[in-house]
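Q: Here is how the chains run, residue by residue.
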Amino acid sequence: MTEKRSLKTRKGTITFPAYVPVTTFGSRYPLDNLIRPYLPRLAKAVMVSFFYAKQMGNQAPPRIPMWIDSGGYASLFANAKVSEMDGLGMIEFETAGQTQISHPSDVLAFQEQFADVAFTLDFPIPPGTDKDEAQKRQRLTIANALWAIKNRRRRDLPLYACIQGWDGESARECVQAYKGMGFDGLAIGGLVPRSGDRKQIQEIVETVRGEEESLPLHVFGLGNPETVDFLHSLGVDSVDSSSYVKMAADGRTWLCPEDKIADPSPTERMSLALSNLAYVAQQRLPLSASRLLFSGRVG
Amino acid sequence: MLSPPQQTIIDSGLLSTGFNCVLQMPTGSGKTWLAEYAIRETMDTGHRCIYLTPLRALADELTGRWNQSLAPFPVGVFTGDYGKADKPYPVTYETARLLVMTPELLDSCTRNWRQHWNWIPEVDLLVVDEIHLLGDSNRGARLEGTLSRFRRLNPFARIVGLSATLGNRDELAEWLDGIEFVSDWRPVPLTWRSVRFRKAMQKPELLVEEVNSCVQGGGKALVFVQSRRRAEELAKMLKERGFRSGYHHAGLNQMTRKRIENDFRGAGLDVLVATSTFEMGLNMPVRKVILYDMQRFTGTDYEPLPVVNVWQRAGRAGRPGLDEQGEVVMFFPSWVKVPKGYEEGKFEPVISPLRNMSFMAEQIVAEVSSGMAKTRNQLQEVFRTSLAARQGNLPTVDKVLGQMIDAGMILEVSDEEGKTRLKATKLGRAACRHMLCPASVLLIKSVSDKDMTFFDLLLVAVSAVDCTPVLLVNFEELGDLSALLSREKSYLLKEGLDVAAAVLSVKGKRLLSSVKMALVLRAWTRTGDTDVVADSLSCGSFEVQSLVESAERLLLAMREVFSSGDEQEERDPVSPGIVEKAAALEKMISTGLDDSAATLTLIDGVGPKFARRLLDIGICDIEDLASASLEDRAGLYGVSDRRKADWIQQAEELVKEKSAYYFVDNGPGITSEGTQWDASIDIYRFRRSLDLHVETVSAKEYRVTGGLDPHQVVVEGGVIRCDCPDAAQGNTCKHQLAVRLERGGDAELAKLRQLMEGETGNQGVNLGDLWISADRRFIL
Chain A
1 MTEKRSLKTR
11 KGTITFPAYV
21 PVTTFGSRYP
31 LDNLIRPYLP
41 RLAKAVMVSF
51 FYAKQMGNQA
61 PPRIPMWIDS
71 GGYASLFANA
81 KVSEMDGLGM
91 IEFETAGQTQ
101 ISHPSDVLAF
111 QEQFADVAFT
121 LDFPIPPGTD
131 KDEAQKRQRL
141 TIANALWAIK
151 NRRRRDLPLY
161 ACIQGWDGES
171 ARECVQAYKG
181 MGFDGLAIGG
191 LVPRSGDRKQ
201 IQEIVETVRG
211 EEESLPLHVF
221 GLGNPETVDF
231 LHSLGVDSVD
241 SSSYVKMAAD
251 GRTWLCPEDK
261 IADPSPTERM
271 SLALSNLAYV
281 AQQRLPLSAS
291 RLLFSGRVG
Chain B
1 MLSPPQQTII
11 DSGLLSTGFN
21 CVLQMPTGSG
31 KTWLAEYAIR
41 ETMDTGHRCI
51 YLTPLRALAD
61 ELTGRWNQSL
71 APFPVGVFTG
81 DYGKADKPYP
91 VTYETARLLV
101 MTPELLDSCT
111 RNWRQHWNWI
121 PEVDLLVVDE
131 IHLLGDSNRG
141 ARLEGTLSRF
151 RRLNPFARIV
161 GLSATLGNRD
171 ELAEWLDGIE
181 FVSDWRPVPL
191 TWRSVRFRKA
201 MQKPELLVEE
211 VNSCVQGGGK
221 ALVFVQSRRR
231 AEELAKMLKE
241 RGFRSGYHHA
251 GLNQMTRKRI
261 ENDFRGAGLD
271 VLVATSTFEM
281 GLNMPVRKVI
291 LYDMQRFTGT
301 DYEPLPVVNV
311 WQRAGRAGRP
321 GLDEQGEVVM
331 FFPSWVKVPK
341 GYEEGKFEPV
351 ISPLRNMSFM
361 AEQIVAEVSS
371 GMAKTRNQLQ
381 EVFRTSLAAR
391 QGNLPTVDKV
401 LGQMIDAGMI
411 LEVSDEEGKT
421 RLKATKLGRA
431 ACRHMLCPAS
441 VLLIKSVSDK
451 DMTFFDLLLV
461 AVSAVDCTPV
471 LLVNFEELGD
481 LSALLSREKS
491 YLLKEGLDVA
501 AAVLSVKGKR
511 LLSSVKMALV
521 LRAWTRTGDT
531 DVVADSLSCG
541 SFEVQSLVES
551 AERLLLAMRE
561 VFSSGDEQEE
571 RDPVSPGIVE
581 KAAALEKMIS
591 TGLDDSAATL
601 TLIDGVGPKF
611 ARRLLDIGIC
621 DIEDLASASL
631 EDRAGLYGVS
641 DRRKADWIQQ
651 AEELVKEKSA
661 YYFVDNGPGI
671 TSEGTQWDAS
681 IDIYRFRRSL
691 DLHVETVSAK
701 EYRVTGGLDP
711 HQVVVEGGVI
721 RCDCPDAAQG
731 NTCKHQLAVR
741 LERGGDAELA
751 KLRQLMEGET
761 GNQGVNLGDL
771 WISADRRFIL
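Here the protein sequences line up with chains A and B, keeping their order. If you're matching positions, the first sequence starts at 1 in this note's numbering and goes up one per residue. If you're matching positions, the second sequence starts at 1 in this note's numbering and goes up one per residue.
One chain only, chain A, in its complex shape (with noise of 0.2 angstroms):
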């Protein structure tokens, strides 16, 4: 059932299942500017959180369709926190004395703009979270997305409403808000510091998948070999993840996971990250990979 699932973008129509690996812009992380022009090799399409997205200035767009997602995880951040105004959430971050404002209209016009496929602000909820806080931020993360379905003006771009819940019961108060709204597809968020808690992750994506069988189900941030191809059995069409990159700027790669590379040069992080995505998304290996691992350098 998961593998007829699909879905269409103006680059292409994605076939499910899918990894999607992650990728930044901008001077932070020189590693992804190496890795990036591989992606088309080894993934179906790309997500670019919404933060870097807006530092991809005259640089060109991979050639395999960009996921951009809205950015909301930076509420998390200690200098930001979760506003509300009309009804819809924003962040709001301090820096500096001064104010700046992340609202669902920014977030949209740019992924309209930038876009194959875009994901709705959300608020994640991490464990610990007292209960007004975490309501409002599932309200204000379900409002913002039904307001981003009445204002999508490109029809050609998929939008993903995101869900946000600390058991299967909230997760399925957002499922039943977005039906029949026109959603392309749902994604669910804040599932990264749960990942110790293989139950729970089971009982949303289950409670989720339970209550919407036909769209494309994504899920934020859950990149292990292991724990894809758990969700991928739980009905999860897609994940992203930039575990591949960190793995590999450390001198490490899943296919010898015990082992590392001491001081690996640029080009050989940039070969274990291409060798770790290559094995997560069961695409061929890069050439390198027999030399990384045979010559003696993984030790």
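A portion of the hints provided could be inaccurate.
[Stated by the list, open to error] A short list of chain B residues far from chain A (calculated; beta carbon distances all over 10 angstroms): (1) Met1; (2) Glu61; (3) Pro155; (4) Ala157; (5) Lys203; (6) Gln216; (7) Thr375; (8) Val382; (9) Val548; (10) Gly618; (11) Arg642; (12) Asn666; (13) Leu708; (14) Val714; (15) Glu742.
[To be verified] Which residues of chain A face chain B? A partial, calculated answer using Cβ under 8 angstroms: (16) Pro37; (17) Tyr38; (18) Arg41; (19) Pro266; (20) Gln283; (21) Arg284; (22) Leu287; (23) Arg291; (24) Arg297; (25) Val298.
Don't read these hints as lab results, they were simulated from the structure. Here a beta-carbon is modelled for each residue, glycine too, at the ideal position from N, C-alpha and C.
Given chain A, work out where chain B should sit, using these hints.
A: Here is chain B on its own, set in the frame of chain A:
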């Protein structure tokens, strides 16, 4: 219809396995077709391909062909002939789906990979034609560095190496982590034969017989010889004997070479006498290949022709569809045993030239400067996987790195985390960017605080190890060179040749060559005509052109290195500083401008190209421009009136401070001295006699070896006779002189030998003495 090896490769899917591979197949058995097949398959998947070929002419030929056969995919050619302001690449890097390149161009791309990151990751196939070039003493180390960097930059690209002659195919395939394939199938089988001669003077007549039997039977013959002079002489001799013959060597300009190649392909020529330049690449099958010289000069000695070279040449024999078999004829002296390895094709292995420390140093600087290795460990890892390391020949990385740090090419710095990082200095970056050996950049740096004339700067450029081709100096030229030299200004030569030799780090014949090469370049700036320069300075116009290209690259680096000094140059309105001089000289060399025309480039907006256009309408310097009339301006098409007016206004301002003679050298003149020696002894032959080996056969008979061919010298009744063609013409040949020296008791010769082997002791510039005392082992 596919050939058997082609069929095997296609059926086995060897080119589609996703692995690197090395294919060894004879010349003419369809390697290029296989490359095209793989390229087409790859481009159909949406990826790009690179085809590396060592020859510019072949790159052009293949690009033309593939632009037709691979349409609509854009095919771009990337060689040193393009990429200039007046001759851009016909197709840009970004547009080309197939990039036909020389190894040097790809090398440059890997060193500056950030500028090429919009296409390098899209490459999925890199075909390396003539992959045995990895062992070439001049180009091999750079090719190895290029492949190493490219593989790291693009971990998906497959490498397909092609060659007809590999002695260690399996080792190369292992180095590439790939697989190998070999076939000895030829479309036309070869027959091998030896022609024996007792005396060297018999060779021309034997050649006539071989050529005659081929041409009479409707075939064409290709004769390989080891020197340009011999190619010209034999072609002339064959012509006089009624054959339609021509010659082909590196001294000819591109147009002439092309014409000769076309004549030989068509009906114009039946016999071509060629040097090794004809060995690679061009597909020009003939019925018979004659290997007239089976030895080559290495720069220090003669050695038997390697099997690889013999087969590269022999591979041209046999025209598919026209000849039942191709003939290979080798000329050997009767007393020499014919080595079996030639006919059996026992090729020499490709040995990595990275074993040479100076090549290794260049690669270390390239790795650090390009940002591909940032620590000692990373550098160690790069070279641990090199071909040289696999062959157990790699110099110690730390040792060479230490030398580069001491030389100021690389720095060790601490990063924010306190880790030690390697960083290229400005000098190192200049070496990397201009693809120069560190030694060349250090030579340039060493003169940056000296007074230098244009001629001095040229002497520095042409003395760099990266300057090619090195022009040889014949004894007969010394008079003309001395006369030309006396017109130049030079601080370097003011103190004498010994001092100049120390500054330039060249001596003996190489110093003489530097003088000649600098004179050639100076003549080019004054005439802008390669043919005129070639005629007046006894070299080929193609050599002049190559030398100009080489000097341009070195002068660009020179300008950059001079500019990287700690102190900014103070602008002197009366005479230019060394940075400005180097910049002006680079412009003069790039377009053949003279000193006064170079003043035009002082105008903002006037580069070498516009300066040349101003010259064409009679505006020869800034003073002419400042006083340009309306009529003068009208001749400058395509430049707006506003721009012309701006140039003129600038010129008017400039001439208040600077004259048209601003760039004219005002250094010390060079006085040239003559040398006295016994006129009865031909110094040229005597010089060569010192390189010969004399073997006493009997009291009267000697065998003299070490020259082109061995010769017998007989002494009877005080008369010395030799069997060489030179002696046959009544000259006292070098073999006779060698025997006279060997026998001893000849005071005149002994004195001359002393002079040759000793120091000149002269303070002035005496090219004759330099020639005589030159290092005996230098290439003649």
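Q: Please go over all the hints and tell whether each is borne out by the structure.
A: So, going through the hints one by one against the coordinates:
Every CB of chain A lies more than 10 angstroms from the CB of Met1(B), the least distance being 33 angstroms, so the non-interface label holds. At roughly 31 angstroms, the least C-beta separation between Glu61(B) and chain A is larger than 10 angstroms, which holds for a residue marked as non-interface. With a minimum CB-CB distance of about 4 angstroms to chain A, Pro155(B) fails to clear the 10 angstroms threshold, and the non-interface call is violated. At the 10 angstroms boundary, the C-beta of Ala157(B) falls inside the reach of chain A, the nearest C-beta of that chain being 8 angstroms off.
Distance check on Lys203(B): its Cβ is at least 52 angstroms (rounded) from any Cβ of chain A, clearing the 10 angstroms threshold; non-interface status holds. Distance check for Gln216(B) against chain A: the nearest CB is about 55 angstroms away, which clears 10 angstroms, and the non-interface claim stands. A cut-off of 10 angstroms between C-beta atoms contradicts the statement that Thr375(B) is not in contact with chain A; the least separation is 6 angstroms. With a cut of 10 angstroms on Cβ distances, Val382(B) falls inside the contact zone with chain A, its closest approach being about 8 angstroms.
No Cβ of chain A comes within 10 angstroms of the Cβ of Val548(B); the nearest lies about 37 angstroms off, and the non-interface call holds. With a cut of 10 angstroms on Cβ distances, Gly618(B) stays outside the contact zone with chain A, its closest approach being about 45 angstroms. Every Cβ of chain A is farther than 10 angstroms from the Cβ of Arg642(B); the closest lies at roughly 31 angstroms, confirming the non-interface assignment. For Asn666(B), the requirement that its beta carbon stay farther than 10 angstroms from each beta carbon of chain A is met, with the minimum near 50 angstroms.
Once the 10 angstroms rule is applied to beta carbons, Leu708(B) is consistent with being away from chain A; the minimum gap is 48 angstroms. Residue-level check passed: Val714(B) sits 64 angstroms from the nearest beta carbon of chain A, beyond 10 angstroms. Its beta-carbon lying about 57 angstroms from the closest one in chain A, Glu742(B) satisfies the requirement of being farther than 10 angstroms from that chain. With a least beta-carbon distance of about 4 angstroms to chain B, the hint placing Pro37(A) at the interface is held under the 8 angstroms criterion.
At its closest, the beta carbon of Tyr38(A) sits 5 angstroms from a beta carbon of chain B; the interface hint therefore holds under the 8 angstroms criterion. Contact between Arg41(A) and chain B, as hinted, is supported at the beta carbon level, the nearest pair being about 6 angstroms apart and thus within 8 angstroms. Taking 8 angstroms as the C-beta cut-off, the interface hint given for Pro266(A) holds, the closest approach to chain B being about 7 angstroms. For Gln283(A), the interface hint is violated, since its Cβ never comes within 8 angstroms of a Cβ in chain B; the closest pair sits about 11 angstroms apart.
Evaluation of the Arg284(A) hint against chain B yields a held restraint, the C-beta minimum of about 7 angstroms falling below 8 angstroms. For Leu287(A), the interface hint holds, since its Cβ comes within 8 angstroms of a Cβ in chain B; the closest pair sits about 6 angstroms apart. Evaluation of the Arg291(A) hint against chain B yields a held restraint, the C-beta minimum of about 6 angstroms falling below 8 angstroms. At a threshold of 8 angstroms, the smallest CB-CB gap from Arg297(A) to chain B is about 7 angstroms, leaving the interface hint in force.
With its C-beta approaching chain B no nearer than about 12 angstroms, Val298(A) sits outside the 8 angstroms limit, and its interface hint is violated.
In terms of the numbered hints stated before, the structure departs from hints 3, 4, 7, 8, 20, 25, listed from lowest to highest.
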